[in-house]
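K.L.:
In the order they appear, the protein sequences are chains A, B and C.
Its first residue numbered 24, the first sequence is counted upward by one per residue in our numbering.
Its first residue numbered 268, the second sequence is counted upward by one per residue in our numbering.
Its first residue numbered -15, the third sequence is counted upward by one per residue in our numbering.
For the record, the hints were derived by calculation from the structure and aren't laboratory data.
Don't take every hint at face value.
[To be verified] Partner residues aside, some chain B positions facing chain C, computed with beta carbon under 10 Å:
id : residue
1  : Ser309
2  : Tyr311
3  : Lys318
4  : Ala355
5  : Ser405
6  : Leu408
7  : Ile409
8  : Gly412
9  : Gly430
10 : Leu431
11 : Ile443
12 : Arg479
13 : Glu482
14 : Tyr510
15 : Asn514
16 : Gly517
For each residue, glycine too, the CB sits at the ideal point set by N, CA and C.
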Amino acid sequence: MSTDILTLKGIRKSFFGTEVLHGIDISIRKGSVHGLVGENGAGKSTLMNVIGGVFHADEGEMMVDGKPYLPQSPKDAQKAHIAFVHQELNLFSNLTVAENLFIEDLPLGAFKQVKYKQMEKETIKYLKDFQVNVNPKTKVENLSMGVRQSIEIAKALIINADVVIFDEPTTSLTKVEKDQLFRIIADLKARNVTIIYISHILEDVFELCDDISVLRDGSLVATMPAEETSRDDLISLMVGRKLENVYPTVEKTIGEEVLRCEHIASGPLVKDASLSLHRGEILGVFGLMGSGRTELMRALFGLDKLSGGEITYKGKPFTHHTPKQAIEAGIAFVTEDRRDEGLLMPKPVEENLLLVHLPALAGKLGVVDRKKGEDLADQSIEALHTKVQNKKTQMACNLSGGNQQKVVLGKWIMHEPEVLILDEPTRGVDVGAKYEIYTIIQERAKEQSCVLVVSSEMEELMGICDRIVVMSAGRMAGEIERSEFEQNSIMEMALAGGEKA
Amino acid sequence: MMKSKAKKQDQKFQTFLQDNIMLFVFLVFLICGVLFVDKFASAYNIKNYLKNCAPLLVVSTGLTYVVLNGGIDFSTTSIISLGSVLGAHLLVDSPLAGTPLAIPLTIIIVVGIGLIFGVVNGLAVSRLKMPSFVATLSTQLIGAGLAVWFGSVLFEGAVSLGGLPEAFRAIGGKGIFWLPIVIAAVIFLIFNWLIRRTVFGKQIYAIGVNPRTAEVSGVPVKKNIFLLFVISGGLAGVASIIYTAKNGAGVPTMGDAMFIDIVGSVVIGGTDPAGGFGGVKNTLYGVMFLTLVSNILNLMGIEWFYVDLIKGVLVIAAAVLNLIFKNLGVRGRGRA
Amino acid sequence: MKKWRKIVALLLASAMALSVAACGSKKEETGGEAAPAPAETEAPEAEAPAESTGDGETYTIGVAVDTLDTQFWMANYQAIKDRAAELGNITLVEAIASADANVQNQQIQDFIAQGVDAVICMANDGAAIAAAVDECNEAGIPIIMNNRPVVEGTADPDAQVLSDNKQMAYEEMKWFIEKSKEENKSYKCLMLIGDLGDGNAVERRDGYQAAVDEFGEGVVDIVLSVPTEWDHEVALAGLQSGLASNPDINMMILPSDFLWEPVQTALTEVDKWAPIGDDKHVACISFDGDETGKQMLADGYCWADAAQSAALQGETCVDTALSLIKGESLPNRDIKDSGLLVTCDNFEEVKDSF
């Protein structure tokens, strides 16, 4: 106990009535490297944010070095000598290295002017520790990810951190940079700095960590020394839930191939992806953060450019198209982020519902048939059981998450697409609405549309899909038919190939 | 049942009030003007008032489209100036002068110039991703320079050019006072209809609120934004014709001082400068209100330095009014 | 909560309107009624206003001003006000257009709507003002152009009180040339030109040029003309580049005393600002005859200044307006003020008379 630097007892946290952390108990040994693993949505980020003072826990207590720890803000975490190296680095790309390092606490002279020379000297000193040779006057935007990360770590050292938390640190690093990072971590350990290491790359976790904790669905299911466990054990712990949820079923037939993409490459994340989608089929796409699933969908829809590969749609080549062309061809895309890309938040529900279908409602000269639009909107609201009082005055921002999602779905379905691409369709949606959305998806499939569902919830995919393909690091890692759905093997596939080449 | 019907009607009235607040303010001022200001209600004054509203309504309608997208178009004033000078010269001392086709061709050319500015602005903003502030400020400066150069360097001697043919001046209301009013009314009706009833119009509102959502939903964002500037430029060209005819001369600095009135009418009318809310109907209210204020103040014989002061105060008051109604929740931005 | 805001907003709107109205009615009490206006408020038709004869009546004159940024105009405007006060039966209504031709036309229309008896107009733009002149003609309201004429042939104002710019400039240049011949001097000259939209500026230039063409051979050579748009900054820029490219300039023509400031600045920069008699002196002749001009003559920087009688012109406008209102006819539409040629020779004698 006395050797624990950080202790959490009974930490609970809820958002909008939904509890996401169910009483977390965890103790981190001083000077150790403590790994934290779990699926997407297991609660790792939330837990770290509670420790970091970004969120306040609803219940429970924390102690740092034996003393009670109740951060009101990130600054309090800093004062407690807890440092974060976030997945998306918190650096200002248009400022220099030195400025970034000292941004929290710039050395000021008598007239409150910044003492640049002093800053730069100290910067060189700190960076030397990491064998990073960078001119402190360089703007961060001109540096590689590896160097940026070193700077972020240096920031941690400046506040004399006793605990450094790394959140998925290797996703943007090259192999060389990763080795560099591991050396730095070893170095920190030698200085008696405690490390919390969050990652889904299990090999790395085993290489670095002394202890490992597993988080699953908001609960801490196990903590043990690394040498007492194995990869398979970890996987089982990560996914070993009882599949309790009920999913709707529907009678349907699966027909011919409608959409095929081969060796798609797009942007930095999609390297070589191929899949095939059949009429009436619900195809799930599973993968961990950074695997490129969303990016693949965006490339298929035409939002992102393809740098390689071919798409065949209904037998004909269909590459390099715009979203508008995709829509005209019968493809729909419900994006991940309904707030920024799916809805017009300050506009009424009706306007949102009609947005995609507008051109079809137009008569001569482009005049919109108002009555027809109204009828279609009413139909959509009824069919999807969307709870809205007045579709003309109630704005999208005033609906619950579930209803918002139904509006987005309704908008796309109104246009009667043949291919429906869904990215995280039930994120931020309550249980009741989730079931309704699954029903809607099944109905579409029954009507002989094809559905592509991207989701981080394995259970959900297993519940409604006919087939699941798994992506990892931008490539296809495997495929499973419904009859062979099994959590461990799916996760195994998702974790494979986690190392960047 | 009775209660909810009454409530619904009350709600409907509330919504109507909120959407058309500036109309009510305008009517209040109008009534005050009729009752308290001498000579306001004379036929002569009313005709002038309407004639003054006409060209302002035309150019402000065009600008409304750009503002609905959160943008701005500074070049409208230069289009008015350049169009004025070019138009006058075409009618008076070009090979066209005196021919039966002179007037229609002049109109086509001047509107064409406005369209060219619009195309340049539109391409700069939609393709080159220039902020509209920068792009239209540049074209405004170029246009203003061209207008003066055209007037004074190319044609030596006088800078402004009068002596325009009577038939042309009719467009400004000479002899046929209702001609500019009818032109403005037709343009208003067309462009109000365009923004409210067509696919294009509804898409403009969507882009103004959230271009990303619009793009994902299949709206041709780039093309539409391009068209906004073309509309703004073209209508500025039409306004240039009316102003020139009205003043009976091509003046190279015709439009220079007009920007406040143009933007003022759009904003006072209730169109949100951030985009996505408002419309051409709102601009009509703004134009009528602003022109009314000028008219009343002139008729009251108020010392000139008070006029600008009062105008400014009223602009602020109108803006505050719009803000109050916006925050009542019906037109909020909704960061729920 | 919502309802309260709505009420407050409507109250705000009404308050705005009522304050404007209150302002208006107060104005009417103090400002005096417009001239006996016809009972019905129809558009004044082609006939002149019904009652316009007999003293003891009061008349309203609309004074349309462009800008008041030069001494000449301030003196002119003051003279109008003084004359109206002196006569006692005239109320003035004023409007300032601030260099916007479009606004000026609207202001004159509003004068007509108010039912003024006459309009005195300092036109911003000689071509665009034609529209306002036409309106006045149609309404039967006399309009008098104050110092700035309409572009010839485009409109028919009832009267124009003008400086005989061309003649004055011509005479001035002629005197200067003869003087130079006496002193056996010759000059390379830079001529500044006012705003080319201002008929006066054009006439002055034409006058100077005519004299030079006729008499100036071998004595005065105008090597450069610099347009100024009646703007100090523009003038200064033109002067600087002119002096740079023609360093042997030793004479300047100022179409208005308004331009002494940039001239002084530019000449000082090249160390040529010196009075008559000094080697570095650059000969200057000017126009207007305002306080600055007087000073320059007194200090010896200026050879000659064609003085416009600002006050006389203002007064004449008012008197002419009154005559026209009463229905009298004028011998000439254009009333030309031939001004006073003040030179370094006669300055002492006449310096108090302008």
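K.L.:
Taking the hints in turn, state whether each one holds.
P.N.:
Hint check results:
For B:Ser309, the interface hint holds, since its Cβ comes within 10 Å of a Cβ in chain C; the closest pair sits about 4 Å apart. Interface restraint check: B:Tyr311 against chain C, minimum CB-CB distance 4 Å, threshold 10 Å, status holds. With a cut of 10 Å, the hint placing B:Lys318 at the interface with chain C holds, because the nearest CB-to-CB distance is about 8 Å. Evaluation of the B:Ala355 hint against chain C yields a held restraint, the C-beta minimum of about 8 Å falling below 10 Å.
The closest approach between the C-beta of B:Ser405 and any C-beta of chain C is roughly 22 Å, which is over the 10 Å cut-off, so the hint fails. Against a cut-off of 10 Å between C-beta atoms, the interface hint on B:Leu408 is violated, since the closest Cβ of chain C lies about 16 Å away. With a least beta-carbon distance of about 19 Å to chain C, the hint placing B:Ile409 at the interface is violated under the 10 Å criterion. Interface restraint check: B:Gly412 against chain C, minimum CB-CB distance 13 Å, threshold 10 Å, status violated.
At about 5 Å, the closest approach between the beta carbon of B:Gly430 and any beta carbon in chain C falls short of 10 Å, and the interface hint on this residue holds. Checking B:Leu431 against chain C: minimum C-beta separation of about 9 Å stays under 10 Å; hint holds. Violation of the interface hint for B:Ile443 is found here, the shortest Cβ-Cβ separation to chain C being roughly 14 Å, above the 10 Å cut-off. The restraint placing B:Arg479 at the interface with chain C is violated, with a minimum CB-CB distance near 32 Å, outside the 10 Å limit.
For B:Glu482, the suggested interface contact is broken, since its CB lies about 35 Å from the closest CB of chain C, more than 10 Å. For B:Tyr510, the shortest C-beta to C-beta distance to chain C is roughly 6 Å, which falls under 10 Å, so the interface hint holds. Taking 10 Å as the C-beta contact cut-off toward chain C, the hint placing B:Asn514 at the interface holds, the least distance being around 4 Å. Hint on B:Gly517 holds. Least Cβ distance to chain C is approximately 8 Å, under the 10 Å limit.
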